[in-house]
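Position chain B against the provided structure of chain A, taking the given hints into account.
2 protein chains.
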Amino acid sequence: MADAPAAVELLVCTTCRAGQPTDIEGPRPGALLEDALQAKDWPAHVTVKPVECLSNCDSGCSIVVRGGSQRWTYVYGNFTGADDVDLVHDGIVKYADTENGLVPWRERSTHFRKNCIARIPPLTIPE
Amino acid sequence: MADAPAAVELLVCTTCRAGQPTDIEGPRPGALLEDALQAKDWPAHVTVKPVECLSNCDSGCSIVVRGGSQRWTYVYGNFTGADDVDLVHDGIVKYADTENGLVPWRERSTHFRKNCIARIPPLTIPE
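Those protein sequences? They're chains A and B, same order as listed. Residues 17 to 143 (the numbering used here) are what the first sequence spells out, left to right. Residues 17 to 143 (the numbering used here) are what the second sequence spells out, left to right.
Misleading hints may appear alongside valid ones.
[Unchecked claim] Here are the computed lysine to aspartate or glutamate pairs in the DMTMM-like style, where the Cα-Cα straight-line distance is at most 25 Å:
hint	chain 1	residue 1	chain 2	residue 2
1	B	Lys130	A	Glu143
2	A	Lys110	B	Glu68
3	B	Lys110	B	Asp19
4	A	Lys65	B	Glu115
5	B	Lys130	A	Glu115
6	A	Lys130	B	Asp39
7	B	Lys110	B	Glu123
8	A	Lys130	B	Asp74
9	B	Lys65	A	Asp74
10	B	Lys56	B	Asp113
11	A	Lys65	B	Asp113
12	A	Lys65	A	Glu25
13	B	Lys110	B	Asp100
14	B	Lys65	A	Glu115
15	B	Lys110	A	Glu68
16	A	Lys130	B	Glu68
The hints are simulated quantities; they were obtained by calculation from the structure and are not laboratory data.
Here chain A stands alone, though its shape is the one from the complex:
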């Protein structure tokens, strides 16, 4: 039997404004996206966590996904808010299903292909 998959964290920036002016009142798009993601059905090894500011403010809403010492970490941006909940869920479920975080290109949604802000290698850097 295979080992249980390493835990995956989806970090959602709750301060992201997604380009809204700074004087708009009410919950921010990032916070609404995080609420919507918390309500989704996730694999048991995935946890959604709110964070304050990933310093990707020009390309928010932003998320980070990471998952133990063997997986690449990814920063994705340019989500519009809660409307993108299924798009994010789809991408993160695919990530969580990998051992190294590398989802095959053909399986990535157009948004994930075009809005990768950066990726960071696992602690053991691949050759």
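Chain B only, in chain A's frame:
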């Protein structure tokens, strides 16, 4: 006596072109920056490592700095190549001197202030 500081890794994208056309021959700006950084004098707990592609190609040359479970990870971009060796060295030495990776704003160079691509919280996410 204080504990020894956690190890810091400076990851330098050696495939970065810094906006060069794709048909230019010879070593890439990212590889030249990495060479120049390897030749610098670093605190004992800092290691410079080459990596292939941080997926920040539109804003390269790019670096990532990370340093154990207590420090924030940062992605910085828009370096021009080996000319920026002292700029990068200065920023990373300051980072390595912190426990949590947060260099006070007034101590950051203009480049580091303006070219933070993203930051990722430590494994134990601060409140």
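Outcome of the hint check:
{"no.": "1", "hint": "B:Lys130 / A:Glu143", "in the structure": "violated (32 Å)"}
{"no.": "2", "hint": "A:Lys110 / B:Glu68", "in the structure": "holds (23 Å)"}
{"no.": "3", "hint": "B:Lys110 / B:Asp19", "in the structure": "holds (18 Å)"}
{"no.": "4", "hint": "A:Lys65 / B:Glu115", "in the structure": "holds (23 Å)"}
{"no.": "5", "hint": "B:Lys130 / A:Glu115", "in the structure": "violated (35 Å)"}
{"no.": "6", "hint": "A:Lys130 / B:Asp39", "in the structure": "holds (23 Å)"}
{"no.": "7", "hint": "B:Lys110 / B:Glu123", "in the structure": "holds (8 Å)"}
{"no.": "8", "hint": "A:Lys130 / B:Asp74", "in the structure": "holds (11 Å)"}
{"no.": "9", "hint": "B:Lys65 / A:Asp74", "in the structure": "violated (28 Å)"}
{"no.": "10", "hint": "B:Lys56 / B:Asp113", "in the structure": "holds (17 Å)"}
{"no.": "11", "hint": "A:Lys65 / B:Asp113", "in the structure": "violated (28 Å)"}
{"no.": "12", "hint": "A:Lys65 / A:Glu25", "in the structure": "holds (7 Å)"}
{"no.": "13", "hint": "B:Lys110 / B:Asp100", "in the structure": "holds (16 Å)"}
{"no.": "14", "hint": "B:Lys65 / A:Glu115", "in the structure": "holds (23 Å)"}
{"no.": "15", "hint": "B:Lys110 / A:Glu68", "in the structure": "holds (23 Å)"}
{"no.": "16", "hint": "A:Lys130 / B:Glu68", "in the structure": "holds (19 Å)"}
Checked against the numbered hints given earlier, the structure breaks hints 1, 5, 9, 11 and satisfies all the rest.
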